[in-house]
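Peer 1: Sequence:
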Amino acid sequence: MHVSRRGVLAGAALGGGLLIAWGLMPRSYDTPLDPGKGEQAFGAWLKIAADGVITVAVPQLEMGQGVTTILPQIICAELGADWRQIAVEPAPVSGAYANVPLAAKWAPLWMPFWPELADEQGDVLARRFAQESRFTATADGMTLEAYEQPCREAAASARALLCMAAAERWDVAWEECEAKYGFVFHGENKLSFAELSGEAAALSPPDPPPLRSDPVAEQPLPGVETAYPRLDLPAKVDGTFLFAGDVRLPDMAYAAIRHGPIDQAELARFDAGRAQGRRGLLHVVQGKRWLATVAESGWVAERALDDMRAVFRAANMIDSGVIEERLDDAVRNGGSYRIAQRGDGYDNDEKPDLALRYDIGPALHAPLETATATARLADGRLELWLATQAPERARAAVAKALGMTLSDVILYPMPAGGSFDRRLEHDHAIEVALIAREAGRPVQLTWSRWQEQLMTRPRAPVAALLTAKLADKQSGQIGSMRARIAVPATAREFGYRLFENRTSWAAVQMAEGKGDPLAVEGAMPHYAIPNAAVDHVPIRIGLPTGRMRGNAHGYTAFFTESFIDEVAARHNREPLSYRIEMLGGDVRMVECLQRVARMAEWGGGRDQSGQGIACHRIGSAEGGGRIACIATARREEGGVQVSKLSAAVDIGRIVNLDIARQQVEGALIFGMSLALGSSTGYHEGVPTVRRLSELSLPLLADCPEVEVEFVSSKAPAFDPGELGVAVAAPAIANALFSATGLRLRRLPLLSEGL
Numbered sequence: 023m024h025v026s027r028r029g030v031l032a033g034a035a036l037g038g039g040l041l042i043a044w045g046l047m048p049r050s051y052d053t054p055l056d057p058g059k060g061e062q063a064f065g066a067w068l069k070i071a072a073d074g075v076i077t078v079a080v081p082q083l084e085m086g087q088g089v090t091t092i093l094p095q096i097i098c099a100e101l102g103a104d105w106r107q108i109a110v111e112p113a114p115v116s117g118a119y120a121n122v123p124l125a126a127k128w129a130p131l132w133m134p135f136w137p138e139l140a141d142e143q144g145d146v147l148a149r150r151f152a153q154e155s156r157f158t159a160t161a162d163g164m165t166l167e168a169y170e171q172p173c174r175e176a177a178a179s180a181r182a183l184l185c186m187a188a189a190e191r192w193d194v195a196w197e198e199c200e201a202k203y204g205f206v207f208h209g210e211n212k213l214s215f216a217e218l219s220g221e222a223a224a225l226s227p228p229d230p231p232p233l234r235s236d237p238v239a240e241q242p243l244p245g246v247e248t249a250y251p252r253l254d255l256p257a258k259v260d261g262t263f264l265f266a267g268d269v270r271l272p273d274m275a276y277a278a279i280r281h282g283p284i285d286q287a288e289l290a291r292f293d294a295g296r297a298q299g300r301r302g303l304l305h306v307v308q309g310k311r312w313l314a315t316v317a318e319s320g321w322v323a324e325r326a327l328d329d330m331r332a333v334f335r336a337a338n339m340i341d342s343g344v345i346e347e348r349l350d351d352a353v354r355n356g357g358s359y360r361i362a363q364r365g366d367g368y369d370n371d372e373k374p375d376l377a378l379r380y381d382i383g384p385a386l387h388a389p390l391e392t393a394t395a396t397a398r399l400a401d402g403r404l405e406l407w408l409a410t411q412a413p414e415r416a417r418a419a420v421a422k423a424l425g426m427t428l429s430d431v432i433l434y435p436m437p438a439g440g441s442f443d444r445r446l447e448h449d450h451a452i453e454v455a456l457i458a459r460e461a462g463r464p465v466q467l468t469w470s471r472w473q474e475q476l477m478t479r480p481r482a483p484v485a486a487l488l489t490a491k492l493a494d495k496q497s498g499q500i501g502s503m504r505a506r507i508a509v510p511a512t513a514r515e516f517g518y519r520l521f522e523n524r525t526s527w528a529a530v531q532m533a534e535g536k537g538d539p540l541a542v543e544g545a546m547p548h549y550a551i552p553n554a555a556v557d558h559v560p561i562r563i564g565l566p567t568g569r570m571r572g573n574a575h576g577y578t579a580f581f582t583e584s585f586i587d588e589v590a591a592r593h594n595r596e597p598l599s600y601r602i603e604m605l606g607g608d609v610r611m612v613e614c615l616q617r618v619a620r621m622a623e624w625g626g627g628r629d630q631s632g633q634g635i636a637c638h639r640i641g642s643a644e645g646g647g648r649i650a651c652i653a654t655a656r657r658e659e660g661g662v663q664v665s666k667l668s669a670a671v672d673i674g675r676i677v678n679l680d681i682a683r684q685q686v687e688g689a690l691i692f693g694m695s696l697a698l699g700s701s702t703g704y705h706e707g708v709p710t711v712r713r714l715s716e717l718s719l720p721l722l723a724d725c726p727e728v729e730v731e732f733v734s735s736k737a738p739a740f741d742p743g744e745l746g747v748a749v750a751a752p753a754i755a756n757a758l759f760s761a762t763g764l765r766l767r768r769l770p771l772l773s774e775g776l
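The sequence shown runs 23 to 776 under our numbering.
Wrong hints could be hidden among the right ones.
[Claimed, not checked] Below, in silico cross-link-like pairs of lysine to any residue (SDA-like), each with a Cα-Cα straight-line distance of 25 Å or less:
hint	residue 1	residue 2
1	Lys202	Glu247
2	Lys258	Gly439
3	Lys491	Asn355
4	Lys373	Arg191
5	Lys59	Trp105
6	Lys536	Asp381
Keep in mind the hints are simulated off the structure, nothing from the lab.
Given these sequences and hints, build the entire structure.
Peer 2: Next up, the structure:
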């Protein structure tokens, strides 16, 4: 029997309607913004001060992606303000800022037994969950989709109120007034927003808000500069921009920490006496699974920990060899879940014309700023200064660990010096709160680079088998294709940690044996192959895994685009025209491929040119974002030298051209780092890579020339931050095949030599 979402909801209503009643219950929120002296708040999103400064609330973590410019830009354009008068304030946690699209996408993680009830952003349950749980997580490039419309509506309401206040003074119709450059105009009359804000705040806005006819958009024209330069740029250039590690409080002490191997390690012994004579040491705090010191400086705290020589009793002694054996057995023999299917899927009984294996090593995030948090516990209230992508989940976890009510935990969101989804985890927030309680004074905890490496839940290792049956063996046209992917149910693991506050080992156990669509996202080929299937083989590798920028797209694009390139080569097909032939009606992707071919002066990838091509789509076929990339690379004595990355990108309507370009450029370099490094082995549960310098990350001297062009598009705006991550590795791998004639099917490339 087919059970529809509508049928389930109707049945719930007939059975008492508790679910529906809860979902339809009206919600209202106090204004989250706290107006200062001379300020007037206009809803949840903006304040106008007596000096004309307009402060915009930003409920997303600034981690380099420019969100503290994008959302203020949307409000500035809709309001008719002057960009020079815009300021930013991190938004307090509130249901008014619910990230509904992300809640819908992550429905399998917070409602794993019936995600179909809430997996579309229009679903009542997704909205109510996001609002009730104050879910404002920053992830998966959902900022524009979640917040552009609320920002526009808030600004349009404020603009109407300002015009209404001016109209009352001039005794004219408010609809005849115009707001621009921070003023309201009517003929020769002019009043500033600052002059009108007090009167405007006392009025009631029209419903619905009078939106401008067109949302903010910038055209990708050569030589045109954005009218909205980054607000955080000057402070980042002169060093005054404050990150989590820059917090300073009166009487603050500094903490360092040592952990055992992940997972379930317990502190067995340490010699506190060896550190007794160290000057500046204030406290030693012993946790079940960690040991921390509190001192007058971070240096003293670290040295004291070295003195005490903590020893841990390890429960997890996993080695890389065991992980690879489990992956190999799973991809060959393990039971699978059919995650996605097109057409008739794939007939497993028929012998394939081509079957190729791809492997991915575990990858570390390596953010520039290691985990850092500051805590102050006084008068029964805990204050936290923390960079977090999921602030309310961090608050809830800390409150539970300290036995406090949620209302007594106050979180001041700080920007992150990079994250790449690492700050979706919040172990360090719990630790600093416990340490501050024991120390009896404000404490700042900073993990060393080694502790960051040790405690990172890496991007999961993967083994994949791609098979194809050809519709035309002469031309290489693919009729059926399957991706069989052995990977932990990594998104489900993460979901149990984030939403149920489970330990990492409990989360692994709960996720074991479950199909995970997010763990194989992007594996369904975007080509018009009539029959295709994606199978997930869930596996327990003995190591917890986590999310990383690009997530599954970072490896599924590598599989697919390497495979397509290989099919083309085996049938003596030019890689660009072969791809275009298979794209069907995706004219947007065809334009990206043709554009990048012109940019890079594509020569067909032959004659050891060292050029490789790849393309990828993230999001729906109707919308989504598209990228095509040509890499130029060669094998040299010191490794791989990537000399150029050219990319043509279609992200629909572009909100801020400069930030979009920065996002794509940064993503390409990040993807290059995953292609050539960022990986570690494991020995007895411990990463074999201890230092940042051992991760083979690209240095400034290694960075190639990066050329990015955007395709003018009328499609909905799409966040470009992960597109480059997905496409860089296959483009570089295909370039190395062009240069050397050898296929590399494992990331990082050259990890097994040539």
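Peer 1: Does Asn355 lie within 25 Å of Lys491 when you go C-alpha to C-alpha?
Peer 2: holds, 21 Å
Peer 1: Lys258 and Gly439: Cα distance at most 25 Å?
Peer 2: Measuring from Cα to Cα gives roughly 11 Å; hence the hint holds.
Peer 1: What's the verdict on Lys202 and Glu247, does the C-alpha distance respect the 25 Å limit or exceed it?
Peer 2: With a Cα-Cα distance of about 20 Å, the restraint between Lys202 and Glu247 holds, given a limit of 25 Å.
Peer 1: Within a Cα-Cα threshold of 25 Å, do Lys536 and Asp381 meet the stated pairing?
Peer 2: Answer holds: Lys536 to Asp381 is near 21 Å, not above 25 Å.
Peer 1: Hint check: Lys59 vs Trp105, CA-CA at most 25 Å. Holds or violated?
Peer 2: Measuring from Cα to Cα gives roughly 22 Å; hence the hint holds.
Peer 1: Take the C-alpha atoms of Lys373 and Arg191, compute the straight-line distance between them, and say whether it is at most 25 Å.
Peer 2: Given pair Lys373, Arg191 is violated - Cα atoms ~81 Å apart, limit 25 Å.
Hint compliance for this structure: hint 4 alone is broken.
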